[in-house]
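Colleague: The residues making up each chain are set out below.
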Amino acid sequence: MSRVSFEILAKQNPKYRRALHALEAWINAHPEDAVLNPLKLRRDIRNVDPAELAVALTILVRAGLLRRVYKVLTPSGVLADAEFDDPSAIPEKLPDRFERYFETSDADVVPIFRRTA
Amino acid sequence: MTHQKDLDEALSLVEKLCTGDQVRGLLRTKKGDENVRISAEDKEDLVRKNLRNAVESKAIEIEKVYGLIQDSEENGNQHIFYYRTGQKLADALTFDHVAKQIWGASWNKAVAEFPSIRLKPDSYKISDFRPFSARKPKDWILKIYGQKTIMQPSGKTDTDTDGSVWRQYVPENLRIVLSARWNSPDLLEIRVQRNESRKRIEEWYKQVWSMLSPAMAKDQFKAWELKTTMRNIALEAEHNTEIYDFRDVGMVDEANDILGSFEAFSDEGNLFKSQLTREAVKRFLKDGGDLNSLAVRWISRPTSEPREELRTLLGTRKNLHEMVVAGHCSAGDLDYVTSKLRDFGKAKS
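For the protein sequence lines, the chains are C and R, in the order given.
For the first sequence, position 84 (counting from the first letter as 1) is numbered 84 according to the numbering used here, and the numbering increases by one without interruption.
For the second sequence, position 161 (counting from the first letter as 1) is numbered 1161 according to the numbering used here, and the numbering increases by one without interruption.
Warning: the hint list may mix true and false statements.
Over the 12 Å line for every Cβ pair with chain R, so calculated as not near, a few chain C residues [said to hold, decoys possible]:
| hint | residue |
| --- | --- |
| 1 | SER5 |
| 2 | TRP26 |
| 3 | ASN28 |
| 4 | ARG46 |
| 5 | PRO50 |
| 6 | VAL78 |
| 7 | PRO111 |
Subject to a maximum C-alpha distance of 30 Å in a straight line, what follows is the list of computed DSS-like cross-link-like pairs (lysine-lysine) [what the hints assert, rightly or not]:
| hint | chain 1 | residue 1 | chain 2 | residue 2 |
| --- | --- | --- | --- | --- |
| 8 | R | LYS1282 | C | LYS40 |
| 9 | R | LYS1125 | C | LYS93 |
| 10 | R | LYS1030 | R | LYS1064 |
| 11 | R | LYS1100 | R | LYS1016 |
| 12 | C | LYS93 | R | LYS1156 |
| 13 | R | LYS1318 | C | LYS93 |
Covered stretches of chain C, going by a simulated chain R footprint (3 or more residues, C-beta under 8 Å) [to be verified]:
| hint | region |
| --- | --- |
| 14 | 62-72 |
| 15 | 90-104 |
Worth flagging that the hints you see were computed from the coordinates, not collected in a lab.
Glycine is no exception: its CB is placed at the ideal position from the N, C-alpha and C atoms.
Make a model of the complete structure from these sequences and hints.
Modeller: In structure tokens:
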């Protein structure tokens, strides 16, 4: 995917400049990743407060650069394939990585961010 | 009247199964015709107005619409069970021979009626039998439609005064698409759509064999296990990075009855990006372990198949001759994967 610059957004949101630049650097360092997982971002970007990072992600969503989607953790703790725009649309059962269906009512739902361009 | 009803049902299936791009692609083949409009407000209009008008005015033949449906429902989003047979039976399994065994001497008449779009309530019926591809003239596909009323939770619940909870279930018509695909020279693929109930999958799989029974029996075939194939795919991954990568492996130490697995956390992860994992899997295989599942992503190519990325799960822990194809795909892309499985089944590692 192409390189990104969040300079304009950083100027518009000076309080979150550091977080936006950190996200910009992360995205440019991972051009093949179409998805941003907040857990991974928090692990990779240690010098920015997680709360600021969360707001910066929301700024990118509002700017139309990211789309928030929801995924479900399988019983083994990895992301199931299915993706939902709305967590209420998650069905009662989903397949795990080995095509074994599990009840989603007990599973964790995690928001992730998909790049739109 | 019959033709009109067939068209109604075909268009309803197109709306449900095909993408807007697929429909526009078909309409574009007759671009310039006064009865063909490509732009539409949404997919509903594209199918219900543009495509209907194009078919009713005979600008587009209804067979082309059937073709769209075939592409969408026959390939992908399914379990494929692979079987092999001996040379003698393989040679005998020609289109004509199979048709004659199933429909008798007047098979030509029966086959000419296909494809059939309509479902038989709470039952199964053969809906199509045709040669599969011009590229491989000995190949054929037999398609079965089924319909079953199942009870699905509506999501609504109610609580009684004594604390009892009532969960509402509503009847839902499940449309079932099954098929048997002869992939010459020696492979029979039993294809069954994905479903959350393994019991239903087993039932449908038996249904395909039962409908094939006038022409062939399951015990004439041997399950084509993908054990060697999976092993070779895993061990040769570093030399084939432009062809595939993989995300999850299920491992088995048969001698000690031990199962294990590696899964990349992200659904778009690549297990072999980690040297630690790569070495662990290789070592396990070289020291006598085996794989019983492997989630492979086949990488798309701009000028040849696969035209689109394809995700498959080889083996399902219990059944080593089974492959699950995650999403819909083209017939050519799926055949590409099967031909790769054949290649890796032969390769030595």
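Colleague: VAL78 (chain C) clear of chain R by more than 12 Å, beta carbon to beta carbon?
Modeller: About 5 Å separates VAL78 (chain C) from the closest Cβ of chain R, which leaves it inside 12 Å; violated.
Colleague: Given the hint that LYS93 (chain C) pairs with LYS1156 (chain R), test it: the Cα-Cα distance must not exceed 30 Å.
Modeller: holds, 16 Å
Colleague: Hey, is TRP26 (chain C) genuinely clear of chain R, shortest beta carbon separation above 12 Å?
Modeller: holds, 14 Å
Colleague: Regarding the assertion that PRO50 (chain C) does not contact chain R, is the least Cβ-Cβ distance greater than 12 Å?
Modeller: holds, 18 Å
Colleague: Is the straight-line distance between the alpha-carbon of LYS1282 (chain R) and that of LYS40 (chain C) 30 Å or less?
Modeller: holds, 27 Å
Colleague: Does LYS93 (chain C) lie within 30 Å of LYS1318 (chain R) when you go C-alpha to C-alpha?
Modeller: holds, 20 Å
Colleague: In terms of beta carbon proximity below 8 Å, does the region 90-104 of chain C have 3 or more residues touching chain R?
Modeller: holds (count 7)
Colleague: Keeping to a limit of 30 Å between CA atoms, is the pair of LYS1030 (chain R) and LYS1064 (chain R) held or broken?
Modeller: holds, 12 Å
Colleague: Does the alpha-carbon distance linking LYS1100 (chain R) and LYS1016 (chain R) stay inside the 30 Å limit?
Modeller: It is violated: about 34 Å lies between the C-alpha atoms, which goes past 30 Å.
Colleague: Taking the closest pair, is the beta carbon of ASN28 (chain C) still more than 12 Å from chain R?
Modeller: Holds, because the least Cβ-Cβ distance between ASN28 (chain C) and chain R comes to about 18 Å, which exceeds 12 Å.
Colleague: Beyond 12 Å from chain R, beta-carbon-wise, is SER5 (chain C)?
Modeller: holds, 24 Å
Colleague: Can we trust that PRO111 (chain C) is non-interface, i.e. its beta-carbon lies farther than 12 Å from all of chain R?
Modeller: holds, 14 Å
Violated hints for the displayed structure, listed by number in ascending order: 6, 11 and 14.
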